[in-house]
Each structure stands twice: as C-alpha cells, then as structure tokens.
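A.B. asks: Letter by letter, the chains look like this.
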Amino acid sequence: MALDSEKKQVFKVVGTRPARPDGIDKVTGRAMYGADATAPGMLVGRILRSPHAHAIIRSIDTSAAEALKGVKAVVTSADFGAPEDESIRDVQDNCMARGKALYHGHAVAAVAANSAVVASQALKLIKVDYQILPHVTDVDEAMRPGAPVVQADRAFENVAAGFSENVTSQCEFGHGDLEAGFAKADKVIERSFTTAATHQGYIEPHACLASMTPDGKGDLWCCTQGQFHVRTVCAEIMGMDASQLRVTASEIGGGFGGKTTVFIEPVALALSRKSGRPVKIVMTRDEVFKATGPTVSSSMDVKIGMTKDGRITAAQARLRYQAGAFPSETVTYGAQSAFAAYDLKAVETIGWNVLTNRPKEAAYRAPGAPMAIYAVESVVDELCQELSLDPLDVRLKNAADKGTKSSYGPTFEAIGLRATLEAAKAHPHYTAPLGVNQGRGLSCGFWFNFGGNTCVSLNINTDGTVGITEGNPDIGGSRASISQMAAEELGIPYEKVRTIIADTNSLGYNDVTDGSRVTFSVGLATIEAARNAIKVMCGRVAKIWGIDEDAVIWEDGCAKPSGPNAGSFDPMSIEEIAAISANTGGPIAGHFEVNADGAGVSFGVHLADVEVDPETGATKVVRYTVFQDAGKAVHPDYVEGQMQGGAVQGIGWALNEEYIYGKNGLLQNPGFLDYRIPVASDLPDIETVILEIPNPGHPYGVRGVGETPIVPPLAALSNAVSRAIGRRMFELPMSPPKLLKAMSQKR
Amino acid sequence: MVKVLIWGSLRSATEGQTEVEVDASNFKELLDQLATLYPGLKPQIERGVSLALDGKIYREAWFAEIGPDSEVVLMPYMTGG
Amino acid sequence: MKNLHISTTVNGDQTEFVCAPDETLLDVLRNRLGLTGAKEGCGTGDCGACSVTLNGRLVCACLVLGAEADGAEIGTVEGLATGDHLHPLQSNFIEHAALQCGVCTPGILVAAKALLEKNPNPTDTEIRYWLAGNLCRCTGYDKIIKAVQIAAAEMRNA
Amino acid sequence: MRYEKPSTAQEATNLLATEPGIARVLSGGTDVLVQIKAGMIEPDLIVDIKNLDRIRDITPEQGGFRIGAAVSGATLGEHAGVTALWPGVVEAFELIGSTQVQGRATMAGNLCNGSPAADSVPAMVAANAIARIAGPDGARNCPVQDIPVSPGRTALAKGEFITSIFLPARPERAADAYLRFTPRTEMDIAVASAAVSLELDADGTCTSARIALGAIAPTVVLVDAASICIIGTKLDATSLEAMSEACSAACNPIDDKRGTVEFRTRIVGVLAKRAALIAYKRAGGRA
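Going line by line, the protein sequences match chains A, B, C and D. Counted the way my numbering counts, the first sequence spans residues 1 to 747. Counted the way my numbering counts, the second sequence spans residues 1001 to 1081. Counted the way my numbering counts, the third sequence spans residues 2001 to 2158. Counted the way my numbering counts, the fourth sequence spans residues 3001 to 3287.
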C-alpha cells in the first residue's frame, strides 16, 4: 500500500472535539437499535434452552407447539444443514444444539408466533428427551484424563499427550535459554493464578429482525459489530448466496467483542423462511448471560527471575484457558502478549485451550491478554516488593522499545511504552501520599491492534459537501473521527462531512469492528479515498486552467497552482469545483479498498489506589489514572472515553464480576443483580493521560486505542490490594469473602 | 533464501527447528514453500497464519514483499474484540 | 386474557391504549405507542435503561404494569427536548462526550433530569449514587458525571 | 391474568380470598413484576391496592407514624418526621434497589416478599414495628417480627394483606441505625445486615437495645443475647466486642453465590458493632 512517507504533523480538525453526528438521535431516543425495528406482519421468535449443563438430546417433539394457535413455525437443528467450514459449523451448533446440549442455556429449539405470549406458551409445549451426561466447568478439571469429554476429536495435531480430549490446542512462544536465565537471577518467584470468566456486559441484548421471501431473498437487521461477517456466516448456514442476503447493522448498544459473532440471526432467518413472515428475536438478559460470549476463565503459572538491581533474567508462563464448549484460539493471544512489555533474553509461554460445559467464548476487548498480563504483572510486582525496588523503575529498566525482539517473535517498531511509563512516573498520582489501609498498584498493558479489510466510498456532493459511506458499525464515536479525518485531508470544516454506515449491499467486504481497527483502518481508507477525490478535482481544475495536472495542488479545501511557474490563477474551492462537476466530467468521488496492515501495537500503564476495609474485605478504588499511547488522538474525548470505559470494565473484572457455576453445572448468576458490573457510585473519577507516539503505519500516526485499557486494571488492582493488605492475592475476582479470608490468614 | 522464525508449538512439524530457511520473495511464496518443505505445517497454515515482516504484522497479504534481510516471523492469525 | 383500555398522559399528551393485564409499561411504550427511546436492558429493574417518570417519580418502566398508567402522567426521553431545543442535559451529553453506544443514554438523561429537579446543585457523589441504578458499560461514568454537573450549572444560571 | 384495582380494603380482601388460582397483591411491584418476568410465578389475579383509602399516606399516630402500604421509599425518605424519629428504618428502606426502585418499592412489599435479605425488615423488627393487616375477618395487628415464616413465606392467611405499618413513638435519647454489606456500593442484595435500635439515659448509658440481623438465617433474627451485652453500658469496646460475638453466634446462614457461611458470620458482627455506634451517636451518646 502506497502511503506518503511524510507524516502529517500539523492538524486543523484532527485532535479537536466536535459533536458526534449520532448525538442528537441518541439523546432524544430516536436512534434505532436492534430491538427497535418492526416489519409488517412481524412474528415474535423465542428460543428454548437446555436446562442441563451436558445432555444428549434423544428426541424433540414439537407437535404440540406446532398445533398451538398462533404458532407459525418451529425449528430445531434438523432445520439446519451442515456447513463445510468447521468454524461456521461451530457457530451454527452454538446457535442450535445438534445432538447434544453442551451447556446450561444452549439453544435446542425455537418458535415464531403471532405474539410473545403465544411464543412463550409454545416453548413450554416442546418436549425434549434429554439423557443427562456428567459435566465439567472448571478448566483444570477438564484437562485431566478421565474428565467428561465435551466434544470428541476436536484436538489439533500438536497437543502433547497426557491430557483429556478437552484440550484442543497447544501453543508455545518465546526465545532464549531459560535455564541459564533463571541461574543468573538473584530471586526467582513462581506463582499460580486463576481468573473467572467475565461477560462483556453490553447493555443492549442481542436482537435481530429477519425477513426471508419465497424467492430466496433475505434481509436481516441486527445489532452487530460486523454486518459483513454476519452475512458470510448466515449465508453459509442458510445455504444462500451472499448477494441474496442483505444485512443492515442497527445502532449498536455496546459490543466489546461480544457482537462479533452470531447467536440468534440464523435462527430468526430459519424461522422466517419456514413461516414466510418477518421474525424478530430479542434476547432476554438471562439468555445473554447464559448463551452469549463470556470471555475465558483461566488457570496460570508464571515464573520470573530478577537480579538485585531489577533486571529480569528469564520469564516463563503456562496458560490454561477454558473457552466453553467449542475450540478457541484465544489462549494464543494470551501466550503472545503475556510478556510483550518486556525486553527479555529468555522467555517462554505455553498455552492450552480447553473445552468445558460453558457457553462458547466470544471475543472480549483484547481477548486473552488481560489474564495473562495480570499473572505476569503480579509476579513482577511481588519481585519488586521482595527486592525493595520501585515498580516503575523496574518496568522502565526492562521496558520493550523500538528494536526489542518481542516475546512473541517480531522486532518492535516505534512503540510508546517507555514514554507511557515515564509519564506515569512524572505524574503526581505516583507520589501522592496513601492513607491507612490503602495501597497503590500499577500494571502495564498491551494489545496488538489490527487493520483488516476495509472499504470507504467518499462522494463530493454538488454543493461541495462530502458524504462518506463506510462499513463498520460505530461503537465508540468512529463516525465523528472518520468525518474528522476526511475534513482534515480535504481541508474543509468537519460540519461539511457526513459519515454513514452501509449495509452489505453498498460496499465491498469489511472486517468486523474489532481489534481496535476502525479509527486506524477506516481512517486510513478515508484519507486515501479523499486523496483519490482530490486527484480527480485537481485534474478537473487543470483542464479548466489548461495546465498540467501535476501543476495543481490541493490546499485548505482549494485547488491552487503549484507555484508561479504553473501560472497565475485564483484558487478554486471545493464548492466551485463541485458546482460545475457536470460540465467537467460528471460526479466526483474517491474510494479506497484495502486489507490494511501496520496497525501498530499499543501500550498503556495504569495506576490504581485502593482502600480495603480490614473488617469486611470490601475494596474501594480511591484514585485511578490511565496512561496510554494513542499514536495520534483523532478525537481526544473519545480516546479518553475508551481509556475510561476499558479501565472500568477491568476494575469490575478484578473486584466482583464472575460467572458462578453450581456443582450441578448450572449458571447461578445470569442477571445484572448478581453479575455485578460496576455502578457509578463504585468508582472515582478516571483520570487520563494521552501520549502520542505516532504509528509509522498510518498517515496521521493513528493507533487503535479501544482494547488495551482493559488489560492493566486486573494486575493494577491486585497489586494495589496486595500492598494494602500485606498479602499477595492470586485469584480474580478479589471479592470481599476472599480478601477477608486472606487477611485473616497468617503470613 | 530467507530465515523464517516459527512459533514453538510448530517445531514438531519442522524437525525441532524454530528457524527454517525458505526461498521466497513474498508471503504467498513463503507459505507455499513451508507447506511443501514441512507438510506438518499445513493444518496450521490452513487454519490461518499471519506474518510479521520487520516488525509489521501482515494478517493475510500474499504479496507482502520479503527482502533477503527481512526479519520474518510466522504468527497465528489473530482477531480482536 | 382480556385487554384493558387505559387513558393516560405521555409527555404531556393525552394518550389511550389497550394492553394485556400483564404487559409492562415498557412494552406498552415501545410496542404500542412507538416510543422506543426507553430500552429493555434487563427487564428486572437492574439496569435503568427503561427509566421514565410516573407522576413525577423516577421509575423503571419494566417494573410498572401498563394498567397502572391509567390516569397517570408519564415522562420519557422523547419528552425532554422542547421542539427543536434540546434540554441542557441533552446538549451537554453530546458536547462533553457523555455517551458512546448511547443505549443507556435515554435512561440516564431521564434519571439525571429527575435528580436536578430535586437537587439543582448536587455533589459528584450525589450524582453517582442517584445514577447507581443506571448501568453504563462504555464510559466508566466519568464523562457522564461531568456532563450532569455542567448541565446543572447551566440550568442554575439560566 | 386479571388486573383489579379495588377502592376498598373489603373489596381487595374479597378478591384475594375468592380467587381460586394464584393471586398477588401489587403495590410497588418491584418484586412481583420481576418474579413474573422470570417465570417464577404466573398469577391469575393481580390486585393493585394503590387505590385504597390512606394507603399512600404517612399519618402521625400516638407519637409514632403509620406508614401506608403503598408509600414508596422516595416518599418516606422525604418525610422529615419519620426520618427524624426512625432514621435507621428510613436508611434501611432507602438502601433497597436504585433510585428508580425507590420510586415504587414499599416497606410492606419488602416484608411480604419474605426474603431473608430484605433490607427494611431488620430495621422494622429492631424498631418493634407493627403491621396492620386487612383480611376476611377484618383488620388485625401483628408485629413485623412475626410476619416472615421462611424464605418466601409469610404468616398472612389467604385473603389477607398489609394495609399499613406502624412505627411507634420513641423516648428522648433514642435512635436506630442500619448497615448492610454488599460487594458494590448499590444495586446488590445484602450479604448480611444489622439493625440496631437504642435508648439511652441522661448520662449516655444504654437502657434498651434491639438488634436484628438479616441474611444470616432463613428469617430475620432478633438477638436478645446481643442486646444484653450493651444494655447498661456506654458501648465501650469490650461490650461492643461481646455484642459482635453474640451476633455472630446467632447466625445460621447458607453458602450461596452472594456469600459464604464464614463470611456472613464474621461480618454480621462487624456490621452490628458499627450500626450500634451510629445509633448511639444519633441518640446523643458519646462513645
């Protein structure tokens, strides 16, 4: 991809904080989310779910439900085919259990009826004959030979012997001589950690409206992070051509990775096909918790050696992640990112993915990284305590930098870790006095960031204003930042640009809104599309002036002669050029399609102060500061918003959020009451410090910022709590009963 | 010839080596060569691999050019949240 | 199940509807009156996304029966703005980036308005506790609290 | 399901008594509607009692207050008289749910829901509150303490419902306080809770104490053994410690998703101690 090697340094629009284009719709209740759409003749779809953790489905009798007045269709796995692609088949089997219910809440049948009441009644009339099987929900138990097998024959070829069949993949990363490294250490600490599964916790439950017609055409409206991916998966499952299924993304009420896949969409399409009517399915919160993507739970061992002066000599991690009832690669991201913040001569991480009778894991903000980095950063902190070293100095001493061979292989380009650590050290927070029962913790965080397939179409309207069509659902204000980058490149005011999100028929394929990729990739494609439009405009002006195209330059929203030699002409503004476009060759547009690479990795550092009640084990976060490299903050408010929101999700993970399974394998807390996400009164202000170390892979230096902020809070909080109570904590969440117990144990 | 660093769990397919040499000038050639020389790598290549070229990660780009002195690291294909 | 005929006032307008006896006010607003600003995040009063006012009191519409609206006055997010003039909370939420995905925003705006009517000069802590029943998963609440404070100051000076 | 909104207690009682299926009283609805949504109950009849005479009123009576069964937390919290006389009851009631739930929830509903973790119940028990019950045989009074029988069950007979709760008069130098433990600051169900109501004499010695604990047994527990530890004292550290231990000893909790036996047993003593100090200070004592 040809990009200007010269980086833009001075910005007029990028870096400002204009109002978001979707703002008024969202504050007036006008914005249309997944559940807000209706269609003529629409039916209500409802899903029947397994009450068991693990059971063979011997038979399903739907006759009584079908006979109920008002029921228009009933579907089970028998109504779906068997897609060739294994990952798509897994998605389908997760949407509708085939032969076996693999977890509590796994879908087994669905109905469409003319009212919600009838649909609910119909579910009760479906008779499922289950043969209950032994189940396993704990990662370590699931790995042991003899554990109940969730799915047989799913292991990749490289899994070592000695595990149960639930271990589906194994990965290993690293370099150097570990033994020699540990031998050089003055202190070696090895610890084991566990983290609970957490849910993305978006406030909007999954919802969709599907309409299939007898001629095989389909329309699907849904809340998703990627309408194109939804189309691919649903078309494959439904046996349709992509051209026949149009998917429109609604406004999305939070995703955080959890809406990068499908749960109800194929079911709604199947019900619509069978009933000949539009079908809407809206999940309840109970269904969201039971059957949509939590992240993995983990069991981990970390061993690190350090010299007296704080140099890490060797580092090793073993990661065991359970990702529910289907194979997952999330552990590889954990294994690669565990030691990413460090410049290490000897490092090794090994990871295993494990099947359990839990819902299929879905991506959650920097998937796989928070838990691994929590374990690593906890051991580093303990070493600092043991060796009486300053934890920031130690991180600075060992910090990865440009030219460091990363723990996952490649050598880093320009990265912002050192600058971020230095900013934390210079910040008044780091040296502020602590009160009684208080402790301060810090942690580094890392995420790879991705680019990916991206299309942008940019149209110069006849009045000189600009319409942009892009294909990535806006979950954090990206329509504003895309408009800003277009305005910057074209040299026009932000208000002259309007960006919309296209349906799948309006653009080429776009990857989902994930990997912190949108501001980077769509921004990059927008800039390139704008440059293409500028080239057309300069060409038109060159013809009018009768000079070479090369002799026309673009500046401040106008075409100008490149210099005195080009001739003397008054600049022509974008409005003037657009107004006569019919005379000069027709409508003017620029477009750009790319599979963007060069996203640029992202680092952050968080500082957390906590106070622990010694009599109850309750933890209060009293001060919190986030430092992160944004490359270039296009809209600083929204960068801060990502930093604050990610930090608070991480705080919830560290303190109270967890999937609680009973001995019966059933989920105990499928609701916001007992799955305790942080509420406003739990939190202090979240201070933010944005660093800008330009990403060499983006014309404006932009890096993704969305995912990294969820990584550091886990260890920052654990280190703060451990220092506050004088005991090391090795388990998340650090709920009050655990802390009270730890405090009452002798050192 | 370019040196390709592979990740640890693929060693079983490369006779225990973590660095292998192939004759390739772009990502596509590299993948084809690897699959030919080390058939044990094929399942992973089919599941998806990315390429880090001098520190920059290419997730899919076949025609990413590889110079003779390039640092080439094979990585699992990755997605985010 | 016999439907009930209900007469009520929504955002100042006389409104009539029929609903089933077990239908919630939230379902009535969304499915019968076309007012989809109130969202169902949980249906159990744990998230606040369906916040509306009922005779001036802040409530979760998912925990009110449609039948209970008979003779009552309901206020929803759709009634916050006056014509094309946004309520100060609305304009400050936009200006100060107090929303990301926006799905909790209608509930938070209705709740914050109820707070400022009762307490025009709240502390940050008072705002945080008042809004504890309004879950937001995107923002970490920081910018929401600040936007409410700025709107409150603007309203005090108006 | 039928929805009825009677205008007299007699009418309401008749509806409840003659319904052959499942009947539920609706006041604030913050428990009933959740249970319907979750499919835990499928009532055939809902009797909305908010139309009954005085049901939404707070009325001074014999130096105390009669709180109508449909008085919401928000309304009670705004009542200066009740807040001054029984601050612990008001603070307990106001801890239930969110601001939104406070707009609807009632103390009578909190009591009739029968949850061992109900916030207002320990405070009402410590306050020696009396429920007035309407029923087929007319009205009767019953101490709040005797209403919960087991989780989800109450001593109310078919056709009966609570019309009001009476909070009695207090002497000078008396006050109450309520504390609960929840992992979050708001929106959680109590893991353990303690309500303490004290009366002091002129020199600050405790002359009477009622200590009620929540979420540590199938129903709220009034712990006389704990009261004895502080009566006759000025809540010195030793007496408080003894009281705290007596509270822990009175526990019969369960392990569940919200807390462990060990944790509940330990913190309930801490909560009782802290609540006692708050009540003592409110009553004018100087610890």
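Calculated from the structure, these hints are not laboratory results. One or more hints might be untrue.
[Claimed, not checked] A few chain C residues facing chain D, derived, Cβ under 7 Å:
(1) P2021
(2) G2045
(3) G2048
(4) N2055
(5) G2056
(6) R2057
(7) L2058
We treat Cβ as the ideally placed atom computed from N, Cα and C, and that holds for glycine.
A.B. asks: Checked against the structure, which of the hints given earlier come out wrong?
C.D. replies: 4, 5
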